[in-house]
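Chains as they are written, first to last, in the numbering used here: chain A, 4 to 308; chain B, 3 to 298.
Calculated from the structure, these hints are not laboratory results.
Among the hints, a few may not be true.
Restraint ranges, calculated between C-beta atoms of paired labels, are given here [claimed, not checked]:
| # | chain 1 | residue 1 | chain 2 | residue 2 | range |
| --- | --- | --- | --- | --- | --- |
| 1 | A | L37 | B | K167 | 52 to 62 Å |
| 2 | B | R15 | A | W125 | 33 to 43 Å |
| 3 | A | S88 | B | E164 | 45 to 55 Å |
| 4 | B | A25 | A | I118 | 25 to 35 Å |
| 5 | B | G221 | A | V156 | 29 to 39 Å |
| 6 | A | I118 | B | Q78 | 23 to 33 Å |
| 7 | A | N10 | B | F17 | 31 to 41 Å |
| 8 | B | K167 | A | G148 | 52 to 62 Å |
| 9 | A | G21 | B | A25 | 44 to 54 Å |
| 10 | A | L126 | B | A25 | 26 to 36 Å |
| 11 | A | F51 | B | G232 | 51 to 61 Å |
| 12 | A | D233 | B | D59 | 56 to 66 Å |
| 13 | A | L102 | B | V213 | 50 to 60 Å |
| 14 | B | Q78 | A | W183 | 20 to 30 Å |
If you only want the chain B side, here are some residues facing chain A, beta carbon under 7 Å, derived [unchecked claim]:
| # | residue |
| --- | --- |
| 15 | G39 |
| 16 | T66 |
| 17 | R73 |
| 18 | N173 |
C-beta atoms are modelled at their ideal positions from N, C-alpha and C, and glycine is treated no differently.
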Amino acid sequence: MPVTPLNQLGREAIAKKGWFTAHKFLLARRAVQLAILGLFMLGPIAGFAILKGNLSSSLFLETIPMTDPLLFLQMLAGGFFGIASSAIIGAALVFGFYLLIGGRVFCSWVCPVNIVSDTAHWLRRRLGIKGKTKISPNTRYWMLGLVLVLAFVTGTMTYELVNPVSMLHRGLIFGFGFGWAVILGVFLFDLFIAEHGWCGHLCPMGAFYNLVGKTALVRVHAPRRDLCDDCMECYEVCPEKQVLPAALKGAKDNKPPIILSSDCTNCGRCVDICGVNVFEFGLRFDAKMEACSKLDTGDYVKNQA
Amino acid sequence: MPSSTGHKKLNRRKFLADTAKTACGVGLFGLALGMYGKAASSLPATAIRPPGALAEDKFLAACTRCGLCVRDCPYQILKLAEFGNDNAATGTPFFTARTGPCEMCEDIPCVPACPTGALNHSLIDINKARMGLAVVIDQETCIAFQGLRCEICYNVCPLRKEALKLEYRPNKRSGHHALFIPVVSSDACTGCGLCEKACIMEEAAVKVLPVHLAKGELGKHYRLGWNQKGKQGKSLVTPDTEHRFNLPEGVEYDYYGKGLIDKRQTPLTQPGPQVEKTPFSSNPLDTLNKGFKEVK
Ligand code: SF4
Ligand code: SF4
Ligand code: SF4
Ligand code: SF4
Chain A
4 MPVTPLNQLG
14 REAIAKKGWF
24 TAHKFLLARR
34 AVQLAILGLF
44 MLGPIAGFAI
54 LKGNLSSSLF
64 LETIPMTDPL
74 LFLQMLAGGF
84 FGIASSAIIG
94 AALVFGFYLL
104 IGGRVFCSWV
114 CPVNIVSDTA
124 HWLRRRLGIK
134 GKTKISPNTR
144 YWMLGLVLVL
154 AFVTGTMTYE
164 LVNPVSMLHR
174 GLIFGFGFGW
184 AVILGVFLFD
194 LFIAEHGWCG
204 HLCPMGAFYN
214 LVGKTALVRV
224 HAPRRDLCDD
234 CMECYEVCPE
244 KQVLPAALKG
254 AKDNKPPIIL
264 SSDCTNCGRC
274 VDICGVNVFE
284 FGLRFDAKME
294 ACSKLDTGDY
304 VKNQA
Chain B
3 MPSSTGHKKL
13 NRRKFLADTA
23 KTACGVGLFG
33 LALGMYGKAA
43 SSLPATAIRP
53 PGALAEDKFL
63 AACTRCGLCV
73 RDCPYQILKL
83 AEFGNDNAAT
93 GTPFFTARTG
103 PCEMCEDIPC
113 VPACPTGALN
123 HSLIDINKAR
133 MGLAVVIDQE
143 TCIAFQGLRC
153 EICYNVCPLR
163 KEALKLEYRP
173 NKRSGHHALF
183 IPVVSSDACT
193 GCGLCEKACI
203 MEEAAVKVLP
213 VHLAKGELGK
223 HYRLGWNQKG
233 KQGKSLVTPD
243 TEHRFNLPEG
253 VEYDYYGKGL
263 IDKRQTPLTQ
273 PGPQVEKTPF
283 SSNPLDTLNK
293 GFKEVK
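The shape of chain A in the complex, shown without the other chains (with noise of 0.2 Å):
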């Protein structure tokens, strides 16, 4: 089967198993950032809330701590070592959680400017604009040593002056201020001059989760992958694509068929819009055949080449 243009996209999956089930990993998504974000701003509307602060720091039912790790470590960098032990229990609890999880599960199921370039993606392929500026991925693990050394140099965490992901969300709960235009820029941004700029190249919180993520226990899955007909739809919708072919077409390679790179947010994506249904969520150690992380990156890049 030919390439699906990109007018189609979807098409065939819906047709299949219905508009909901093809996007029901998207909706779940949608569900939860959404469900985030307004029980942290129903709080003071409500009298008691479940969950106080922002993505930054937060109290959960007025009892469990919760701080971003990134943060903790900014803490440290910037010479603050006289942390107070919420903190210290929050951030342990949040790095667990991702550990586990996935680390850019925090980009796809919590991070509301991941809303913010999805939605920049979508138009940027119902505009057919093209702008493609070649930016490294890698670029984010600068980015993340960058915001690391400017705390230590600064002794202050100077990235949050300017950080959009907490200017965002902090913004929608206690007001923005001129933040908006932080978040307008990494749109237009996505939208005109890289596909998948920021989250998928820039953002440090990104590169840092998907290192937190290395060793993740729910992974996504691709057994049915026989069955694949190059249609090449998860590939148009997966926000981090090169972590496709290793799972997809490694076969002959005697890759298993799992997606192990980091890299991958386990947004889903790939699992809805799949017409003959290759993908699937599942653990790590479901694949049968042994996992060689190390390979699984660079063919995509290689390939384009």
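Given the coordinates of chain A, work out where chain B with the ligands should sit on it, guided by the hints.
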């Protein structure tokens, strides 16, 4: 694809060039961000940090900008700085004394709410907080200095008589009244800003400033002679000579409040018997402080 050595070299060269490009780009971004950060982390004088906040540079390393302190303030005076609107570092909590001063809650709920300790958890007595320092900053327009009765700031101060005192000075204009001058003492002022909020003027004459702006500092080498007196056993400076009034024998003038003291058998100024009967003390402060529990 046959991998010739030439191809490898080319790949390597491309890799190095790409890496250099990325590094330069990120480096430039970092430089710009660092410079912006330097400009953006200077706290404006009107933004006062919540009680227990660490020194500003430490605070900026410790505060995650989560707003848990904001949420737990029952008076809702705290706000997270908005990008471009408030000049405090983006996302950090502050309050504005003139519009919403800290009410100095006895249990200080904002402090334990802070998960990181950016608000120091060892602060348990709100009177020990040092959010800023009130300064009677415009002595030209403050109506107290004009000889008018106001004392609003004095009356609203939670630590009145310690943090804010009234000092009388002779009113030179009328020649026979006192000025009730508000005077802040940095030993006790918490910087809550209730006085600034209450000031009746169009623009407050008493303002809470960050302590480093409000206070001067004596050169480290400087010693005040009279403070050294105890250590040295005697005064290092010649004491001021007492000013002498040309008064009749037996009459003295006390500079520090008592005024004219007549020790003669038949005093020149004789208080009439009706003065003794008045329920008001001759000190107007006693009237003001009536019913106000002595703060110690
Ligand atoms: S591989 Fe699938 S789950 Fe992973 S990022 Fe791509 S679309 Fe999402
Ligand atoms: S002491 Fe009370 S009024 Fe003052 S900032 Fe804290 S919670 Fe708010
Ligand atoms: S609770 Fe602490 S970390 Fe959170 S905004 Fe307030 S001072 Fe900052
Ligand atoms: S309230 Fe204002 S005008 Fe009145 S005494 Fe205080 S500072 Fe002066």
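Hints not upheld, ascending by number
3, 13 and 18
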